[in-house]
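Visitor: Let the sequences and hints guide you as you build the complete structure.
Chains as they are written, first to last, in numbering that gives the first Met the number 0: chain A, 0 to 110; chain B, 0 to 89.
It should be emphasised that the hints constitute simulated quantities derived from the structure, not laboratory data. No residue lacks a Cβ here, since even glycine has one placed at the ideal position from N, Cα and C. Nothing false has been slipped in among the hints.
On the chain B side, residues computed to face chain A include the following (Cβ under 8 Å):
1. R56
2. I57
3. Q60
4. R61
5. F64
6. L71
7. A77
8. L78
9. A79
10. L80
Estimated spans, in silico, between C-beta atoms of each pair:
11. B:E68 with A:K11: 24 to 32 Å
12. B:E58 with A:S25: 26 to 34 Å
13. B:A45 with A:K11: 34 to 42 Å
14. A:A27 with B:I17: 38 to 46 Å
15. A:D107 with B:P36: 40 to 48 Å
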Amino acid sequence: MSDNPAFEQIKKDVAENDVVLFMKGSPAFPQCGFSATVVQVLNHVGVKFKGVNVLESMELRQGVKEFSNWPTIPQLYVKGEFVGGCDIIREMFQTGELQTLLKEKGVDAAA
Amino acid sequence: MTMADTIRRKLTEAFKPIRLDVVDDSHRHAGHAGARPGGETHFNVAVVSEAFAGKGRIERQRMVFKALEAELAGQIHALALVTRTPAEDA
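Guide: See the structure below:
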């Protein structure tokens, strides 16, 4: 599993960016309703994030599922740590936990 | 047996839920990537079980993914989940 060639890029992305969303499509043009929901939440919270389009590479699409031990997309990482998929992010946003997590991790959020 | 039946059976065995809702939401995704002509690809599932007590959100969902591993590797394209304990659901 560790020899998956996509893992290097995933590790680099989550190490170099505070908030990374592995998603289908781009933040401007999400190609899946679940990815679009998480983009909306992140934009609403006012946090900068890197969107990685897993549809660009089958290797990446499979790789991120193995990397996170999570079978679905989208997947959100904050400071290198897996936070969850669409259901979890939406729920954490509604309870305010997402905003608290970002603050605790020292990630700037405008809202 | 429909995919919804399979999901119900497997989750009932794994979690002995006091409430289990399985809704086939595939028709709303018809024509979208991952949809297939026969549907049965997109599901909304709510599981209320004592098995989730003391477990975090990520762990709870991983427990459900594990129970549906074969289905997620195959036909299921999307699975929206609510996982609660009986106390949280009250």
